[in-house]
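**Q** Okay, here's what each chain looks like letter by letter:
Number of protein chains: 2
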Amino acid sequence: MTAREAVDRALAVVDEWEPSVHAWAHLDRARACAEADAVDARANARARAHEPGALHGLVVGVKDIVDTADQPTEYGSPIYAGHQPRADAGVVAQLRAAGAVVLGKTVTSELAVYTPGPTANPHRVTHTPGGSSSGSAAAVATGMVDVALGTQTAGSVIRPASFCGVFGYKPTYGTVTTAGVKPVAPSLDTVGWFARDPALLDRVRVALTGRAPAAPRSIAPRLALVRVELRLDTVEHAARAAAEAGAIVTELLLPAAFDGLGDDHTAVMAYEAVRSLAWEWTTQRERLSPNLQRVLATGETTSADDYDAIVRRAASARTACDDLFAAGGFDVLLTAAAPGEAPEGLGSTGDPRFARLWTLLGLPTVSVPGLTGPSGLPIGVQLVGRRGADAELLACAAWLADVLPGAKRPRRR
Amino acid sequence: MTAREAVDRALAVVDEWEPSVHAWAHLDRARACAEADAVDARANARARAHEPGALHGLVVGVKDIVDTADQPTEYGSPIYAGHQPRADAGVVAQLRAAGAVVLGKTVTSELAVYTPGPTANPHRVTHTPGGSSSGSAAAVATGMVDVALGTQTAGSVIRPASFCGVFGYKPTYGTVTTAGVKPVAPSLDTVGWFARDPALLDRVRVALTGRAPAAPRSIAPRLALVRVELRLDTVEHAARAAAEAGAIVTELLLPAAFDGLGDDHTAVMAYEAVRSLAWEWTTQRERLSPNLQRVLATGETTSADDYDAIVRRAASARTACDDLFAAGGFDVLLTAAAPGEAPEGLGSTGDPRFARLWTLLGLPTVSVPGLTGPSGLPIGVQLVGRRGADAELLACAAWLADVLPGAKRPRRR
Chain H
1 MTAREAVDRA
11 LAVVDEWEPS
21 VHAWAHLDRA
31 RACAEADAVD
41 ARANARARAH
51 EPGALHGLVV
61 GVKDIVDTAD
71 QPTEYGSPIY
81 AGHQPRADAG
91 VVAQLRAAGA
101 VVLGKTVTSE
111 LAVYTPGPTA
121 NPHRVTHTPG
131 GSSSGSAAAV
141 ATGMVDVALG
151 TQTAGSVIRP
161 ASFCGVFGYK
171 PTYGTVTTAG
181 VKPVAPSLDT
191 VGWFARDPAL
201 LDRVRVALTG
211 RAPAAPRSIA
221 PRLALVRVEL
231 RLDTVEHAAR
241 AAAEAGAIVT
251 ELLLPAAFDG
261 LGDDHTAVMA
271 YEAVRSLAWE
281 WTTQRERLSP
291 NLQRVLATGE
301 TTSADDYDAI
311 VRRAASARTA
321 CDDLFAAGGF
331 DVLLTAAAPG
341 EAPEGLGSTG
351 DPRFARLWTL
361 LGLPTVSVPG
371 LTGPSGLPIG
381 VQLVGRRGAD
391 AELLACAAWL
401 ADVLPGAKRP
411 RRR
Chain Y
1 MTAREAVDRA
11 LAVVDEWEPS
21 VHAWAHLDRA
31 RACAEADAVD
41 ARANARARAH
51 EPGALHGLVV
61 GVKDIVDTAD
71 QPTEYGSPIY
81 AGHQPRADAG
91 VVAQLRAAGA
101 VVLGKTVTSE
111 LAVYTPGPTA
121 NPHRVTHTPG
131 GSSSGSAAAV
141 ATGMVDVALG
151 TQTAGSVIRP
161 ASFCGVFGYK
171 PTYGTVTTAG
181 VKPVAPSLDT
191 VGWFARDPAL
201 LDRVRVALTG
211 RAPAAPRSIA
221 PRLALVRVEL
231 RLDTVEHAAR
241 AAAEAGAIVT
251 ELLLPAAFDG
261 LGDDHTAVMA
271 YEAVRSLAWE
281 WTTQRERLSP
291 NLQRVLATGE
301 TTSADDYDAI
311 VRRAASARTA
321 CDDLFAAGGF
331 DVLLTAAAPG
341 EAPEGLGSTG
351 DPRFARLWTL
361 LGLPTVSVPG
371 LTGPSGLPIG
381 VQLVGRRGAD
391 AELLACAAWL
401 ADVLPGAKRP
411 RRR
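Heads up: the sequence lines are chains H and Y, in that order. So for the first sequence, our numbering puts the first residue at 1; every next one is plus one. So for the second sequence, our numbering puts the first residue at 1; every next one is plus one.
Read the hints as simulated data drawn from the structure, not as lab findings. Since the structure is predicted, the reported quantities are computational estimates derived from the model, not experimental observations. Using N, Cα and C, we set each Cβ at its ideal position, and we do this for glycine too.
One side only, chain H facing chain Y, incomplete, derived with CB under 8 angstroms:
#1 69
#2 86
#3 87
#4 88
#5 177
#6 179
#7 186
#8 278
#9 304
Output of the computed footprint for chain Y on chain H, the stretches with three or more beta carbons under 8 angstroms from beta carbons of chain Y:
#10 94-102
#11 204-217
#12 266-276
#13 279-291
Excised from the complex, chain H in its bound form (with noise of 0.2 angstroms):
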């Protein structure tokens, strides 16, 4: 298939979706298609010297949080009403020069914080999609995209993707470049992206970091399970299904050095976000959410002393989760997504609190779709590996959705 008939299949998806589901900040039919030609047409050039692009008419979508050069870029925010970047984001040229086309740009909350933009969960058009990779989730769900690029601070990719039924994938901390990406909190901004597919994660993956592929796993992985304060029926689930394919599953109490972590990145994000958002706060604030300028008000009055206590407490327990893993017991630890199925309502994205303490630490996540909550939408649950295990992490995630139920394509009403 040449990328010219991937968009178009693509575009038709759109007028199928898009009226119900507003995954969209920009998309330009007419862009889009004149993209796919161009990267068909350096195809051929490059079959003539058999170098095609790794990513040969991939179509993906890129959350409006990441600067495009030839699309405008609003950030969510009216601030950036019409804003057009120079220059595209490291991430998208690189997806770009691998062959991949942009569709568009996809929806997100508020700065890539919390108010909500206008995105349904395809599921079902009355609930969130979760945030803030709104539209991306969404775009890959329904099938708009084969992949979409989000960005994680808080649980912005792992929520969206186990409440839209799709894989959702936060690599390594620092592997994936975040320049041309609008800064929120520097030391947990993680660029990750969304498919139905684990293989294209990976394909993805490879590309963008120039690591190796992740090879199929031959034989069951190890789990730690690790419970979360409420026992949460899907993950209990994927845990007896994965032990039953031969999957050795053990619980895992965290050490004391994780107690409160979750809850502390909420004052490093804070704390972060006022100074990055600096202008913004000090010259825009009336164009602000009142929930973003809630965040930041706390970030202003967070000591400095706080955050750095914090900031220790959390490299004590990056060592004592590198020592777990080296430990050897599992490959990959077993944890709830988000707290159960997308809530209904799209005044809110959700709660981000089973992904914080991941995105503090900085290690690979990954949402596992397969599992249909108690009202029959999609919930995931999340794998998370050892920093830097990228690949086995991407395989772990491959093995499991072959021993679940399997995600549900949304139906359009």
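Got chain H sorted already, so can you dock chain Y onto it with the hints?
**A** Below, chain Y alone, put in the same frame as chain H:
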């Protein structure tokens, strides 16, 4: 003095020096005066509320790698000719909120890497001012501004400070926001600044970080002398002067964990830079200097495994360094800032090698002026502090400056 009076005075110095020094990438006098008037008006309103800005009337230059919402930001590259960012970088917004006035944008080398802009060393205009923060160091040395922002990824603050005979300070990595600063190598990129008075370095640090001010040293510090491969007279001179003034000076041989890390820094920088600058590299290559193309080509061929190995070694050295400081035998390290005086010619910004190791380790450093090289040009010495102990470092820098012969102001010929 009002901000407007300060700006008027600064502009008179600009008239005197700019024709020979070329420190400015952009300077709109009317805009600077209007900004000063607005600051004064705000200060008058604030004075009635007993809340004057902490940096009221401070005249600052901003390296043209740092975004400004009201002035073009060209990153020292023809690719960005006329580029007008939508927002101020976080640090610029913080400075302005504290009452500082941005006089204009100072010359940076191309994309803050090695290819120089037009700036000359004010002490001898046939010599380089150092880089990449060339215009900032020269603007401070001549008195055109009180303070100027720079950035350091290799030695871009410490080296020009040494060559221009001013204080240059690079804070502990991660303590000052880099939001809105064009990224080169995000694990290294650090915002720093220049001043003629070490007390000003500290006032800006307090305003940007909200941390406690430095307390002047009542007793002489303990210095650990770290000799570099060529034993420099200036470093020996500084050590002797400090010892004569009561400092305890011991020689420190760096542990084996540090071997080769200065060179390894170059690989980390190149690896990250080709990802940060992926758009420029893949779509604008012919508009990059041959020098920068070489750096990015190196980055493209550096393997992820090699990069990871260096990152691990650097982490070990960071721990080793923290342990050295924790052992408590000294307050700061004393070492070379640059291999000597500013080299002749404007085609190169000089050698960053004595700064690279400390950048990779993320430690706070200061170049302290006050010594003169064999040809009569200024030379700084570098103090390196404990991670996070920036206040103590700046107190030691002020103490050391007092016992050195003293920085000469450049004289216009």
